[in-house]
Amino acid sequence: MTQIVEMKGMNKYFGKLHVLKNIDLTVEQGEVVVIIGASGSGKSTLIRCVNGLEEYENGKLVVDGHALAPKGGNQKSLAEIRKEVGMVFQQFNLFPHLTVRKNVMLAPMKVKSTSQTVANATAERLLDRVGIGNQADKYPSQLSGGQQQRVAIARALAMEPRLMLFDEPTSALDPEMIGEVLDVMRELAREGMTMMVVTHEMGFAREVADRVIYIHEGQIVEQGKPADVFDNPQNERTQAFLSRVLSH
Amino acid sequence: MESTFQFDWQAAIDAIPYLLKGIPYTLLISFGGLLIGFVLGIIFGLLSINRKWFLRWPATAYIEVFRGTPILVQVLFIFYGLPDLIGGPIDPLTAGIAAIALNSGAYISEVVRGGVQSIDKGQSEAGLSLGLSRTQTFWSVIWPQAFRRMIPPLGNQAIVSIKDTSLFSVIGVGELVRQGQVYIANTFTAFEVYFVVALLYLAITLSLSLILRLLERRGVASV
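As you go down the protein sequences, you meet chains P and Z in turn. All residue numbers for the first sequence refer to this note's numbering, where the first residue is 1 and numbers rise by one. All residue numbers for the second sequence refer to this note's numbering, where the first residue is 249 and numbers rise by one.
Hints were generated in silico from the structure; no laboratory data involved. Note that the Cβ used here is the ideal one computed from N, Cα and C, for glycine as well. Just so you know, nobody snuck in bad clues.
A partial selection of chain Z residues facing chain P, derived with a Cβ cut-off under 7 Å: (1) Glu373; (2) Leu378; (3) Gly379; (4) Leu380; (5) Gln384; (6) Val389; (7) Pro392; (8) Gln393.
Bound-form chain P, shown alone:
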């Protein structure tokens, strides 16, 4: 098995606040890892470290064979890592001044110098795949939240990433739109995409995850197969968290 992400003894601070404590975590190729935890537990920060949107203070981080140095170190590998790691944000972060099609075409053309014709064909294929094919020439603001998030997934896929990061991809959506986004993610997982997903959708985690990780105050306190973590949590923190989120 190939390791796509390797974290060893990773620590991250916001000023004096110790947000990630001694994180050891590996993600294998094709694995779907779902990270759960209360807000402020550091789960978003954890995946944001993977593509360097957050810098970490010490420890070790290797993404798809590229070592990413801690803060102040040589960050040359960052460009390579970001080409290979796609990210989907809670707030979609589509480019409002570009059409949906151009949103998807931008990165391949700028980063990989893909020709306009090829980038356009790729964009159409990906937009079809996420069910937005007939809206390609609209602007993001003309789409619903669920549609925007599916465009954001297509935009990330256009770079042919080896790993996809999802940072609470359904948290900003109206309830009736959550399903359509989760469907696309489920499909992606089935096709073998390596994924790290931060989410509060426990149903999705149970169904799609190969491994569930529970983070509490910056520490991984429990991890395992979804059935084990959800039905038979060992750590009392995990038990308390799950009883709170699963009870309603």
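Following the hints, position chain Z against chain P.
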């Protein structure tokens, strides 16, 4: 003492051809200065938010100096003061354009800074996460959005600068106010002439407002 004043329409109409000769100078100084000011504004505006302090610092100093001193003092300094330093005269037109450029450049720097900083951080994170470099992210993602938000304050600055050129009558550029003063010296029709001068400024600024509003509408429509 009762006023027997009557507005002399003929005097106002007669003054127009002479006053119109000032318009090319007013426009040249305003738009020449604003064009350079825009370039300065982009450069210093972006430097003022650079992460490196040794770039940020001089930019901030420039902005504070030229925003914090009167443009009249600036143009007098350039026209009467600088020749002592460079050892030769500066023509009034150049001095006027330079004053508008430096002065509007300082204000436009702040417009640029505000515009860029108003764009959500998520936009640059999205650009970076897709593999775009910082420079690519800035010019393809941030700048086009920021520029659209900058149009109204830029329009404001353009109108302010156009009116500021009236101060340059003091260094003898043949702009609108200067033309008026010269004309009045011969005809003693101050009321009529300044009235027409004011109308001509209004004609310029209103046309500009109209153009900007159209531009803005086009810009907003595509967001």
